[in-house]
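*Asks:* Residue numbers (the working numbering), protein chains in the order written: chain A, 1 to 553; chain B, 1 to 463.
In short, the hints are calculated from the structure, not lab data.
Some hints here could point you the wrong way.
[Stated by the list, open to error] The calculated label-pair distances, taken between Cβ atoms and stated as ranges, are:
{"hint": "1", "chain 1": "B", "residue 1": "89", "chain 2": "A", "residue 2": "347", "range": "53 to 61 angstroms"}
{"hint": "2", "chain 1": "A", "residue 1": "367", "chain 2": "B", "residue 2": "444", "range": "34 to 42 angstroms"}
{"hint": "3", "chain 1": "A", "residue 1": "309", "chain 2": "B", "residue 2": "249", "range": "51 to 59 angstroms"}
{"hint": "4", "chain 1": "B", "residue 1": "447", "chain 2": "A", "residue 2": "290", "range": "40 to 48 angstroms"}
{"hint": "5", "chain 1": "B", "residue 1": "413", "chain 2": "A", "residue 2": "309", "range": "37 to 45 angstroms"}
{"hint": "6", "chain 1": "A", "residue 1": "350", "chain 2": "B", "residue 2": "48", "range": "37 to 45 angstroms"}
{"hint": "7", "chain 1": "B", "residue 1": "152", "chain 2": "A", "residue 2": "367", "range": "23 to 31 angstroms"}
{"hint": "8", "chain 1": "A", "residue 1": "137", "chain 2": "B", "residue 2": "89", "range": "54 to 62 angstroms"}
{"hint": "9", "chain 1": "B", "residue 1": "413", "chain 2": "A", "residue 2": "59", "range": "24 to 32 angstroms"}
{"hint": "10", "chain 1": "A", "residue 1": "309", "chain 2": "B", "residue 2": "247", "range": "42 to 50 angstroms"}
[As the list claims (entries may be wrong)] So these bits of chain B aren't anywhere near chain A, every CB distance computed over 10 angstroms:
{"hint": "11", "residue": "95"}
{"hint": "12", "residue": "176"}
{"hint": "13", "residue": "251"}
{"hint": "14", "residue": "356"}
[Unchecked claim] Incomplete in silico selection of chain B near chain A, CB under 7 angstroms:
{"hint": "15", "residue": "45"}
{"hint": "16", "residue": "47"}
{"hint": "17", "residue": "96"}
{"hint": "18", "residue": "148"}
{"hint": "19", "residue": "265"}
{"hint": "20", "residue": "297"}
{"hint": "21", "residue": "298"}
{"hint": "22", "residue": "369"}
Cβ atoms here follow ideal geometry from the backbone N, Cα and C, with glycine treated the same way.
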Amino acid sequence: MALFAELRRRNVLKVALLYVVSSWLVLWFEDAIRPNVDLPVWTETFVYTILAVGFPVALWFAWTYEITSSGLKKAVDVDQTQSIVYKTGQKLNAAVAVFLVLGVLAVFGQRLLPTFEFLVPAAPVGDPPISSRAPPEIRSLILDNGLKIIVWPDHDIPNVAMYNLVRAGSRYEYPGTTGLSHFFEHLMFLGTSNRAAGQFDAEMEAAGGANNAYTSSDLTVYMNWFPRSALEVIFDLEADRAQNLTFVAEVIASERAVVQAERRSSEDNDNFSKLREQLQATAFIAHPYQFPVIGWPSDIASWTEAQLINHYRTFYAPNNRTLVFVGDVMPKEIFALADDYFAPIPAQTLPAAVKTVEPDQLGERRLVVEAAAQTPLLQVAFHGASARDPDTQRLELLLHLLAGGDSSRLHRLFVEQLAIALSVGAYQDESLDPGLVVFYLTLPPDGDPDLVASALLEQLQLVASEGVSDAELAKAQNIALADYWRELATIDGKAAALGQFDVLHGSYERLFDVPDSVGSITVEDLRDVAASVFRRNNMTVGVLRAPAREDDE
Amino acid sequence: MSRPCFLLALLLWVGQAAAQGVALPDNLSRVQLDNGIVLILSEKHDVPLIGLRATLRGGAVTDAAGKAGLASLLGGLLEKGAGDRDAAAFAETIAAAGGSLSVSAELESLSVAAEFLARDADLMVELVADMLQRPKLDSGEMRRLRDRRINLIRAAKDGDPRRLIATYGKALLFGEHPYGNAINGDENSLQGISHRDVLAYYKNFVGADRLIIAVVGDFDTATMTESLTAAFSAWRPAAAALPELAAPVPATGRRVLLIDKPGATQSYFWIGNVGVAANFPQRAELDIANTLFGGRFTSLLMTELRTSAGLTYDARSELTRASLPGSVAIVSSTDTASTVAAIDMALALLTRIHDQSFSDDMISSGKNYVLGQFPMELETAPQLASLFADLEVLGLDASYIENYGGAVASVVGEELRSVIDAVYPETDNLVFAIIGDAELVRDEVAKYGPVTEIAITEARFRP
Chain A
1 MALFAELRRR NVLKVALLYV VSSWLVLWFE DAIRPNVDLP VWTETFVYTI
51 LAVGFPVALW FAWTYEITSS GLKKAVDVDQ TQSIVYKTGQ KLNAAVAVFL
101 VLGVLAVFGQ RLLPTFEFLV PAAPVGDPPI SSRAPPEIRS LILDNGLKII
151 VWPDHDIPNV AMYNLVRAGS RYEYPGTTGL SHFFEHLMFL GTSNRAAGQF
201 DAEMEAAGGA NNAYTSSDLT VYMNWFPRSA LEVIFDLEAD RAQNLTFVAE
251 VIASERAVVQ AERRSSEDND NFSKLREQLQ ATAFIAHPYQ FPVIGWPSDI
301 ASWTEAQLIN HYRTFYAPNN RTLVFVGDVM PKEIFALADD YFAPIPAQTL
351 PAAVKTVEPD QLGERRLVVE AAAQTPLLQV AFHGASARDP DTQRLELLLH
401 LLAGGDSSRL HRLFVEQLAI ALSVGAYQDE SLDPGLVVFY LTLPPDGDPD
451 LVASALLEQL QLVASEGVSD AELAKAQNIA LADYWRELAT IDGKAAALGQ
501 FDVLHGSYER LFDVPDSVGS ITVEDLRDVA ASVFRRNNMT VGVLRAPARE
551 DDE
Chain B
1 MSRPCFLLAL LLWVGQAAAQ GVALPDNLSR VQLDNGIVLI LSEKHDVPLI
51 GLRATLRGGA VTDAAGKAGL ASLLGGLLEK GAGDRDAAAF AETIAAAGGS
101 LSVSAELESL SVAAEFLARD ADLMVELVAD MLQRPKLDSG EMRRLRDRRI
151 NLIRAAKDGD PRRLIATYGK ALLFGEHPYG NAINGDENSL QGISHRDVLA
201 YYKNFVGADR LIIAVVGDFD TATMTESLTA AFSAWRPAAA ALPELAAPVP
251 ATGRRVLLID KPGATQSYFW IGNVGVAANF PQRAELDIAN TLFGGRFTSL
301 LMTELRTSAG LTYDARSELT RASLPGSVAI VSSTDTASTV AAIDMALALL
351 TRIHDQSFSD DMISSGKNYV LGQFPMELET APQLASLFAD LEVLGLDASY
401 IENYGGAVAS VVGEELRSVI DAVYPETDNL VFAIIGDAEL VRDEVAKYGP
451 VTEIAITEAR FRP
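Pulled out of the complex, with its shape left as it was, chain A reads as follows:
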């Protein structure tokens, strides 16, 4: 009992009581704020551990030391006649009482008074996906200015993929402005009222981030890949160029030269691209999809500053964009940052709708490009479907079984058996308005493009008349499914797919319908879509070959 008495005398029991009460307060507080701020998951364990470890330390401290009128001393050294342990004990009692009252008030106060919520301002939490097939952790939000933000947390690696999709592309261009959207994509890296040309990339790379961008017929897309630690830098950079871009004559002139160089690299000195550009310009007669995304050279040389400023104001408004974040982030922190950085940017009147519909093609079209070539090229285009049209997915399966790899029909027949082609492939545009389905073949040096074009149409019409086998359908479905999973294996692939589906297919949730909708396609579906697309009158045949020798003429 002597020990117990000494424990009491040295206030160890009171300290223990105070410790328990204050620990309860700390735990209550941690619990109360956790739903409102994104504390890491280990916080709770951490707090418990610290409190548990601290308990014996506090008791030991109380036993060993004693508060005296001349400060802290070891209890054994204190002259007991001068001891003020009783006074200290009174103070401890008072503290326990105060903490208890505070605790009770806080607990009841929290229940009774909503005023406790002002401690942490509520960040928007966003909406969960409307489809039960979509991962429930995805959140989306539309700011008052119309900017849509989609967040898919994925903590595998400490990085983030951000896609910034702007509804601007060659679809909105006309003779004189072709390539403007693409050129503008370059300008977005070249200076704001806060940052000189080059500073955007310098700051991003210094923070560990990398970026790229591309322009298509429908979209201008900016991608940033960065470590989580660069999140705020990225917001700062993106919000700055979203509202403060500058148009400096020398910078524009220099970048025009860069884009002319890009055009020479990607179109002029590559036979495949040279033919593709002419094919596209021939297949469309009315719709702006006829224009090359990079623009015709004379247009690249002649945009005006006024056109560029107008493009910025019209197309880069927040209500004409979607932001996608995938990676080591939480929706709430992204929405809070978006609120800070993007909410102040005002909405604008949206660009005028593109109303031109490509009229039905009335007969086969043919074009020839003459260029230095050892091997002729053949590209055959058909008008296809828009991204939202279910026919697009059917066509995708058809293209897999016709021209996807060594087991495909056209590869087996043209490359392996007949040796009339060196290689064959196919793609279709994934676009807002109906785009092209294109077969492209490289022929041997002595190859006959006309013969191969006829054989190709014959094979395609065979699908329309006789359909495909169940095994071929199953194969195409498996390839499509595997491609789907491969894309979703990376944060970049996920971000690209969410953005693509939200902007081109109407909602990001549709991305998660793909496995089911691919699985429900039938052999009849494939035959029907082949019959409607692979028609001679819907076909444009492009041939690239060496100029005929003069002695032949």
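Please arrange chain B on chain A, whose structure you already have, making use of the hints.
*Replies:* Quick look at chain B alone, frame taken from chain A:
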């Protein structure tokens, strides 16, 4: 380096990457079969896919003399039927499962890359085992593939010269050394390869003693180990030893190879010399140096040639990673009329990195960039499988792997300078490969050194 030591290094490295927040698989398993095959397995269950990389040491450096492209051709032929399946049935089986399976030749290895849905794990192992151990190597398939590849090189010469310029550059730099071989061969060398050459190559250079199989993905390690062991433990070793190559000799003085592509509106150039081997001890310094010189958008080359001068769309510096010193080169392209302006500027920048140091801010930016981007290289099953196989092939020194992250973080200016001087050539000793319209640039590029000229249609990549 001994095997256990290597595994230890790998584990330490994985641990370190994890410490930086990269959730690398922590369940790495390494087993060596009695016939020498190394199995490296790691489970990863985020998507229902499995990535496999089976790498044979050897590659293009084992091509017989004058038969460049032999290893690569054999690789292509491995895809043309194996086991009970002929070429068509083999391709059909892969596609029907939605899988991918292909063989590619590199300078010092031949690699099978496979990716299948998890449910087809057994099929994947069966196909890879058949392909390596029981390929058909049919003579008709071989001739068709060879003839097609010859024509595909012609087609490539009609295409974007950016895809060919390094092949010309390396042929010029390394001359008769195997590092100068076009990995997929040229029109002439392929023409000289017979079916008998391919059979001999298969017997001599394809076998268990030099094979590494790395598998990452959605599987159970014990089951996968059992399955691979059953499929591969009875395989024979290759008959011939891997060649011992002498280190390539750096070029002294300057010479120019001008590849004429009439009508080209741009000149494409590759300017380089011999650099260092993959086991170069100061790899972190070198990675930072190359990032700053020509390895990212704000590199010196891009900033000056593209952003400031508008001379090009793309400019970079490239290092070949190989067991002996490989190439180090500046690669870019420009409007035909500005050929000399762009090359002069590239040379001036090469001089500048020897004469002036990068600022501390720039070095710190380079470190952040390297550290910030590398997790994205280690994200998918195929990426990890390929990484594990490559590390094993290169036999990288343990200290390099253990210390890489820390080494990047602790790079300082003076060491960077000494590495730049050790790795990047002086402007007096360089080879220049230039693809362009010879008539328009022939005279002006002569100032860089004696010019040899060939037409792009010549059936080879060297004069």
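*Asks:* Against each hint, give a clear statement of whether it holds in the structure.
*Replies:* For each hint, the structure was consulted:
1. B/89 - A/347: 53 to 61 angstroms: The hint (53 to 61 angstroms, Cβ to Cβ) holds, given that residue 89 of chain B and residue 347 of chain A are roughly 59 angstroms apart.
2. A/367 - B/444: 34 to 42 angstroms: At 37 angstroms between Cβs, range holds.
3. A/309 - B/249: 51 to 59 angstroms: Distance hint for residue 309 of chain A, residue 249 of chain B holds at roughly 58 angstroms.
4. B/447 - A/290: 40 to 48 angstroms: holds, 45 angstroms
5. B/413 - A/309: 37 to 45 angstroms: Given about 43 angstroms between the Cβ atoms, the range holds.
6. A/350 - B/48: 37 to 45 angstroms: Given a distance of about 41 angstroms, which is inside 37 to 45 angstroms, the answer is holds.
7. B/152 - A/367: 23 to 31 angstroms: The hinted range 23 to 31 angstroms holds for residue 152 of chain B and residue 367 of chain A, with Cβ atoms some 25 angstroms apart.
8. A/137 - B/89: 54 to 62 angstroms: violated, 43 angstroms
9. B/413 - A/59: 24 to 32 angstroms: For residue 59 of chain A against residue 413 of chain B, whose Cβ atoms are near 54 angstroms apart, the range 24 to 32 angstroms is violated.
10. A/309 - B/247: 42 to 50 angstroms: Distance hint for residue 309 of chain A, residue 247 of chain B is violated at roughly 58 angstroms.
11. 95: Violated, because the least Cβ-Cβ distance between residue 95 of chain B and chain A comes to about 4 angstroms, which does not exceed 10 angstroms.
12. 176: At roughly 27 angstroms from the nearest Cβ of chain A, residue 176 of chain B sits farther out than 10 angstroms, so the non-interface label holds.
13. 251: holds, 28 angstroms
14. 356: holds, 18 angstroms
15. 45: violated, 11 angstroms
16. 47: holds, 5 angstroms
17. 96: Nearest chain A Cβ about 4 angstroms off; hint holds.
18. 148: holds, 6 angstroms
19. 265: holds, 5 angstroms
20. 297: holds, 5 angstroms
21. 298: holds, 5 angstroms
22. 369: holds, 5 angstroms
The structure fails hints 8, 9, 10, 11, 15 (numbered hints given earlier, in ascending order).
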